[in-house]
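**Q** So the chains spell out like this:
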Amino acid sequence: MKKEKHTDSTERLYKFFIYFVLIMLAITILVPVAWVFLASIKENSEFYGNPWTMPKGFYWQNFVDAWNMAKMGDYMINSVIVTALALALLLLVALPAAYCLARFQFRGSKFLNTLFMAGLFINVNYIVVPIFLMLKDGDVWLKKIAGQGFLLNNIVVLAVVYASTALPFTIYLLSGYFQTLAHDYEEAAYIDGAGYNTTMWKIIFPMARPSIITVILFNFLSFWNEYIISMTLMSSAKGPKTLPVGLLNLMQAQQSAAQYGIMYAGLVVIMLPTLILYICVQNKLTQGMAAGGLKG
Amino acid sequence: MKNSKRRSGFLAVCIAPAVILFFIFMILPTLNVFRMSLYEKGAYSPTETFVGLKNFQVLLNDSNFIRSMQNMILLIVTVTIITFAFALIFAGILTREKIKGQNFFRIVFYIPNILSIVVIAGIFSAIYKPENGMLNSIIGLFRDMTDPILWKSESLVMVSLIIAMVWQAIGYYMVMYMASMSSVPESLYESSNLDGAGRLSQFFQITIPLIWTNIRTTLTFFIISTINMTFLFVKAMTSGGPNGASEVALSYMYGQKDAGLYGYSMAIGVIIFLFSFALSAMVNKVTDREPLEF
Numbered sequence: 001m002k003k004e005k006h007t008d009s010t011e012r013l014y015k016f017f018i019y020f021v022l023i024m025l026a027i028t029i030l031v032p033v034a035w036v037f038l039a040s041i042k043e044n045s046e047f048y049g050n051p052w053t054m055p056k057g058f059y060w061q062n063f064v065d066a067w068n069m070a071k072m073g074d075y076m077i078n079s080v081i082v083t084a085l086a087l088a089l090l091l092l093v094a095l096p097a098a099y100c101l102a103r104f105q106f107r108g109s110k111f112l113n114t115l116f117m118a119g120l121f122i123n124v125n126y127i128v129v130p131i132f133l134m135l136k137d138g139d140v141w142l143k144k145i146a147g148q149g150f151l152l153n154n155i156v157v158l159a160v161v162y163a164s165t166a167l168p169f170t171i172y173l174l175s176g177y178f179q180t181l182a183h184d185y186e187e188a189a190y191i192d193g194a195g196y197n198t199t200m201w202k203i204i205f206p207m208a209r210p211s212i213i214t215v216i217l218f219n220f221l222s223f224w225n226e227y228i229i230s231m232t233l234m235s236s237a238k239g240p241k242t243l244p245v246g247l248l249n250l251m252q253a254q255q256s257a258a259q260y261g262i263m264y265a266g267l268v269v270i271m272l273p274t275l276i277l278y279i280c281v282q283n284k285l286t287q288g289m290a291a292g293g294l295k296g
Numbered sequence: 001m002k003n004s005k006r007r008s009g010f011l012a013v014c015i016a017p018a019v020i021l022f023f024i025f026m027i028l029p030t031l032n033v034f035r036m037s038l039y040e041k042g043a044y045s046p047t048e049t050f051v052g053l054k055n056f057q058v059l060l061n062d063s064n065f066i067r068s069m070q071n072m073i074l075l076i077v078t079v080t081i082i083t084f085a086f087a088l089i090f091a092g093i094l095t096r097e098k099i100k101g102q103n104f105f106r107i108v109f110y111i112p113n114i115l116s117i118v119v120i121a122g123i124f125s126a127i128y129k130p131e132n133g134m135l136n137s138i139i140g141l142f143r144d145m146t147d148p149i150l151w152k153s154e155s156l157v158m159v160s161l162i163i164a165m166v167w168q169a170i171g172y173y174m175v176m177y178m179a180s181m182s183s184v185p186e187s188l189y190e191s192s193n194l195d196g197a198g199r200l201s202q203f204f205q206i207t208i209p210l211i212w213t214n215i216r217t218t219l220t221f222f223i224i225s226t227i228n229m230t231f232l233f234v235k236a237m238t239s240g241g242p243n244g245a246s247e248v249a250l251s252y253m254y255g256q257k258d259a260g261l262y263g264y265s266m267a268i269g270v271i272i273f274l275f276s277f278a279l280s281a282m283v284n285k286v287t288d289r290e291p292l293e294f
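Chains as they are written, first to last, in my numbering: chain V, 1 to 296; chain P, 1 to 294.
Simulated from the structure, these hints should not be mistaken for lab results. All figures in this text were calculated on a predicted structure; none of them were measured in a lab. Backbone N, C-alpha and C fix where the C-beta goes; we use that ideal spot for every residue, glycine too. Not one of these hints is a red herring.
Computed beta-carbon distance windows for the label pairs:
#, chain 1, residue 1, chain 2, residue 2, range
1, P, L200, V, D8, 11 to 21 angstroms
2, V, I18, P, S192, 17 to 27 angstroms
3, V, I27, P, G241, 26 to 36 angstroms
Calculated from the model, a selection of chain V residues having no Cβ within reach of chain P, i.e. all distances over 12 angstroms:
#, residue
4, I81
5, A208
6, A237
Start from the sequences and build out the full structure, keeping to the hints where you can.
**A** Right under this line is the structure:
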């Protein structure tokens, strides 16, 4: 039908133009990312000439140096622990809460729902300073009582903060799903003699698996990539650090030290898990976005 | 009777942990932002003194703060306009036209969104490097490069930030609008084709009005999250430099905390909170239209 109105040549020109623009955009995204991968196996001397030359060989020493000398190995372990712990805690707390808030009417349920919705508007980075001060005061108090403070520079506390600040978004996403379920499921379970607890864990949560996977994906990305809270709560020079913070320090230091190879190797170490995960689940992620499209 | 007791017990066990964590780590700090803005508290003085609105008075005359607000507003406005214009146009093209490799484009455009801002800062430091960065070496093909373009100099640093932020955000919004645009029924386009409407008028008179509710919500959230994104990018890419030329409100707040001026830092936090509420209220008001249904 369109052919009747547009002549063939303008149609073809239009198509060509569209492809041209799309391919240009794809290139501006893919080339820099690929460039970092190639740079991570270049020797330091290769960084002073034309940036577009291919690496002379596979210089794996960059990764070895990053892992050992730049302590990327330690940072990686910290990042894995923090992310896993925060995800586990988040699911354990958010799932029952989202279920009850979405499916039960009780005194204050409206208020709590509104409260968590309002939480969506509070950005963690607005309140990172008071969180830091609160933990710092807590440490001072603990020092007085127990002789030692442990709230700052502690990866477990960091995981708790991550999980807590992810609650509004997670509860919002999960409640959205729970609200769509028919009440018949629970009624049938109650008639069969199942209690509230059994019904929730054995009937409802298994059904919610797709939403749970979406929640895990989004929060994995945000916990793994986060660096402002991590930088603030673990500011001690000798204390533990997560991968992005360690790398940021390295990047700021390399401006004088010029160890490009190690820096790009570090970038690859952070980027690789997220890229592999993305390639495995890209469908889930881009679809889940329609549901969780409000995340910033 | 017994049953209702069990019910409330179950509800309490389920909800209490979430409410407690949410209260300690989100509500309490938020209230503290407002409370502490009225006090003078420093890293080296253990006591707090109530000073009323003095922090805000100092703030109004602090030219560094005013510049950081200006920078933030500049970034919000330009990044929002550029990202939304491009995201909507590309999404419109990709859903309306039969494009080969549509899935490939969708996958690629989404990649920047899964990268840490630290990684993006690393990538852009390689792009913007003056002597042999990617961008300058490409521009060097067209013009003489004896004095290279300094992308992170005082005059260009904001442009560099805008490019990086648009690069990061565009794919995410495009994929999202593709999802909502594909729900517009095909029959509407077919009947408008019969009426002789071209692609452009279809885009502005069918596609945009029908997904307006979606655009409106995402616009509000985008603006709120851009306030935060300006901070993340500035902190990782420029640290506010050179000479504070790229400082934004949140990074200035963070800097005041590092300087040990906690009360003053929180007064900036209050302004940012109020600003973000006012801005989202304004956007909501301006974009209010009669919702269309299909």
